[in-house]
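Chain by chain, the residues:
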Amino acid sequence: MQPYRNRDYARHLLDRLQQEATRPVSVMEVCGTHTVAIARSGLRELLPKNIRLISGPGCPVCVTDDLDLDLVIALAREPEITMATFGDMMRVPGTSSSLLEARSLGADVRVVYSPTDAVALAVANPDRQVVFLAVGFETTIPTVAVAVEQAVQQGLRNFSIFSLHKLVPPVMEALLTDPEVRLDAFINPGHVCTILGTEPFRFIPEKYGKPCVVTGFEAVDIMEALLMILQQYNQGRPSVEIQYKRAVRPEGNAVARGYIDKYFTPVTACWRGIGDVPGSGLALREEFAHLDAQRRFPITVTPGKRLKNCSCGQVLKGLKLPYECALFGKACTPMKPVGPCMVSTEGSCAAYYRYGTQRVGGAV
Amino acid sequence: MCLAIPSKILSIKGNTAEIDVGGNTKEVNIILTPEAKVGEYVLLHAGFAIQVIDEQSAEEIFDAWEEAYAALQK
Chain P
1 MQPYRNRDYA RHLLDRLQQE ATRPVSVMEV CGTHTVAIAR SGLRELLPKN IRLISGPGCP
61 VCVTDDLDLD LVIALAREPE ITMATFGDMM RVPGTSSSLL EARSLGADVR VVYSPTDAVA
121 LAVANPDRQV VFLAVGFETT IPTVAVAVEQ AVQQGLRNFS IFSLHKLVPP VMEALLTDPE
181 VRLDAFINPG HVCTILGTEP FRFIPEKYGK PCVVTGFEAV DIMEALLMIL QQYNQGRPSV
241 EIQYKRAVRP EGNAVARGYI DKYFTPVTAC WRGIGDVPGS GLALREEFAH LDAQRRFPIT
301 VTPGKRLKNC SCGQVLKGLK LPYECALFGK ACTPMKPVGP CMVSTEGSCA AYYRYGTQRV
361 GGAV
Chain D
365 MCLAIPSKIL SIKGNTAEID VGGNTKEVNI ILTPEAKVGE YVLLHAGFAI QVIDEQSAEE
425 IFDAWEEAYA ALQK
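Chains P and D, in that order, are what the protein sequence lines are.
Numbering-wise (the numbering used here), the first sequence opens with residue 1 and increments by one.
Numbering-wise (the numbering used here), the second sequence opens with residue 365 and increments by one.
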């Protein structure tokens, strides 16, 4: 059998979900790629009414705090700075501007595909201070660590990183302890787990009694994972299981984790709409402080006013669905985004907007 | 942003591998997957291989959903 292509198998999964969904269950996906897969496939409309899918803070671009971004934009405007980052970051609004607007006003901001491209940029432009704006979860962080290693090995004096990395397990715990948030299980981020494996998520079943399943990115993967979640839920045996076995091993990628640990240490990070979460960010270790843009270029900005009427914070916590925001599709569209969830292609609002997701299933 | 795509390793030289992505060849860094061998499939992210994956499954997942979705609509 070719399970991922077999229509009978998909029908079978849906029937099994109908049988198992005997009581309401709220499942949060903590990965923007899942949010897009769910919206694109139309899966939400096919599922039993008892299964409510809610989108969490699963896009590292969307959770970048606007005040952090103000600092980045101020630094990008300094004449000696070349700011390099992933394309998704360009249009994310700070409190008053974006990197794209800063570039249109003369700042030197470059889009790169890989963190190592930023190192190459520094090598090719020795008279410029190249700062890599490092955003990303555990999937991306090892690639930044390798770029840092390259800069160390080459003794580069004109390369640094502005680390706005975020770690997934601490924010999942923050959601589980938030009295506003009601969720029964997690669809775990597949590619974060290729690096982390299952161990860092064991606290979810063991401390909070919630099922979680590491999930692939096809609609059939997600249906399989939901079935595994319902079975855990109904049988009262919460655990961390892997549905996405073709890419995720229980032990994850130890080499990649070694790179993270060698160069970074956990710090408190501010998540847009959620606030400070202890241990959920990463800063360069003390011995690599000379590569830390925040320490090399101390910049202060007057704190701006956060966005008004924007519900991204509630969307990121699964408290609202995108179309429940007053701005959705009116004042806020992918062409003219107000909040970060509409900017990134993997933002919940952008995914709902693009795929015209029907208004079914409510938020908490 | 954590998007990662499966692709096949065609050749390896040091920490650099030439890989096939949908018929195009590209060079990627394999320092995070030192166990990767020629002919194996890896997941690519930001210019790096981040995990060696099961080849048969990788081929099976492509274009999977459209057919199933059409069937489920009936």
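One should not assume that every hint holds.
[Stated by the list, open to error] List of simulated lysine to any residue pairs, SDA-like, C-alpha gap at most 20 Å:
{"no.": "1", "chain 1": "P", "residue 1": "245", "chain 2": "D", "residue 2": "404"}
{"no.": "2", "chain 1": "D", "residue 1": "377", "chain 2": "P", "residue 2": "255"}
{"no.": "3", "chain 1": "D", "residue 1": "390", "chain 2": "P", "residue 2": "245"}
{"no.": "4", "chain 1": "P", "residue 1": "308", "chain 2": "P", "residue 2": "68"}
These are computed hints drawn from the structure, not numbers from a lab.
Keep in mind it's a predicted model, so treat the numbers as computed, not measured.
Tested hints:
1. Among the hinted pairs, residue 245(P) with residue 404(D) is consistent with the structure: their alpha-carbon atoms are about 16 Å apart, no more than 20 Å.
2. A threshold of 20 Å between alpha carbons decides the hint, and for residue 377(D) with residue 255(P) the separation of about 19 Å falls inside it, so the pair holds.
3. Distance hint between residue 390(D) and residue 245(P) is unfulfilled; the C-alpha atoms sit about 26 Å from each other, more than 20 Å.
4. For the given pair, residue 308(P) sits about 17 Å from residue 68(P) by alpha-carbon distance, which is consistent with the 20 Å threshold.
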